[in-house]
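K.L.:
Sequence:
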Amino acid sequence: MSSNLTVEQVIEQHRSSGKFVLIGGVKTFALDYGSGEAVLCIHGVPTSSFLYRKVLRSLADKGFRGVSVDLPGLGLAERPEDFDYSFPNFALFLSQAAEELGLDKYHLVVHDIGGPIGFALAAENKEKILSLTILNTWVDVVNFEKPLPMRPFEKPLLGEAELAGLQHSTWNLLFSAGAVSDSEVVPKEEVYAYVDLLKREDGGDAFLKIMRNFANTEEYRELCYSAVQNVPYPVQAIWGVEDPGLRYERYGTEVKEAAGLAEVYKLPAKHLLQEEQWEAIAEKIAEIAERSKAMLPR
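Letter 155 of the sequence shown, counting from 1, is numbered 982 in our numbering, and no numbers are missing.
All the given hints hold, so there is nothing to weed out.
Keeping only pairs whose Cα atoms sit at most 20 Å apart, straight-line, the calculated DMTMM-like set for lysine to aspartate or glutamate is:
(1) K1036 to E989
(2) K846 to E927
(3) K889 to E1114
(4) K932 to E1114
(5) K846 to E926
(6) K1026 to E1016
(7) K1026 to E989
(8) K1036 to E908
(9) K1015 to E839
(10) K854 to D909
(11) K1026 to D909
(12) K881 to E835
(13) K1026 to E839
(14) K973 to E1045
(15) K973 to E1076
(16) K1036 to D909
(17) K854 to D911
(18) K854 to E1028
(19) K955 to E1114
(20) K973 to D1032
(21) K955 to E927
(22) K953 to D931
(23) K1093 to D1009
(24) K982 to D1029
(25) K932 to E954
(26) K953 to E1049
(27) K1036 to E972
(28) K973 to E1069
(29) K1036 to E987
(30) K973 to E1081
(31) K846 to E835
(32) K1083 to E1069
(33) K854 to E905
(34) K1111 to E1069
(35) K1083 to E1114
(36) K953 to E926
(37) K1120 to E1110
(38) K854 to D1023
(39) K854 to E839
Please keep in mind that the hints were generated in silico from the structure rather than gathered at the bench. This one's a predicted model, so the numbers in the text were calculated from it and none came from an experiment.
Could you build all of it, start to finish, from the sequences and the hints given here?
P.N.:
Now the structure itself:
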């Protein structure tokens, strides 16, 4: 499937639909659509706010303010060499971003590494969280194992070589294999945009720092658990059950058990379910937003 735009035009269209903000001295980029109750969507790797573009528009159509902020080192955000590319610091960064964007209270949506980052954000800002929606991610950071395609990036030299070989054609193969169930859903120029947004001016060096700095301590695991257990907001999980990396059988059930959920909403999609099931995701967020109102103090 092809669009009428070049890859450069796709990225420019993305850039022009959002805005740049300064957070803690780092310039980052945010998509900010609609008005109403805020929904903050946290992306993972090797993605950015670009992943949520369709979800956010759908949320705006439903009367919400949909927001997604590029993590430093990814998307259109700056990539400082001396930035602390750790999960705890990303959580702090997003807390500051929410404040800068005027998100006093918000529904939180997390995905991929945005899960452990978002869980820390929620655990440390429970009074600001209206609801939590969990998409394909993990909560037990101690026992997490990177999917096979991601493992080379954590190794010195091998990671640099793997990243250098990640071009439009090779990414397209990975995208079809693990990201989406139907390759015709996303125009190839939008698929290629992921690579260009990943590499930009540093060639992906910041991405490698992120891949080599995953939180995996018992202390951080307890922090993640505290975001989904005995919390004052409703929690739900939505899973792309065809994800070959973060498989439902392991990671979906892990989230279900940790959060004490009666069920997980399963969707026919792979890892980037936002590209295939954006309307279904937005609908479930709208539903949990209604449930959250019943939990608010009267």
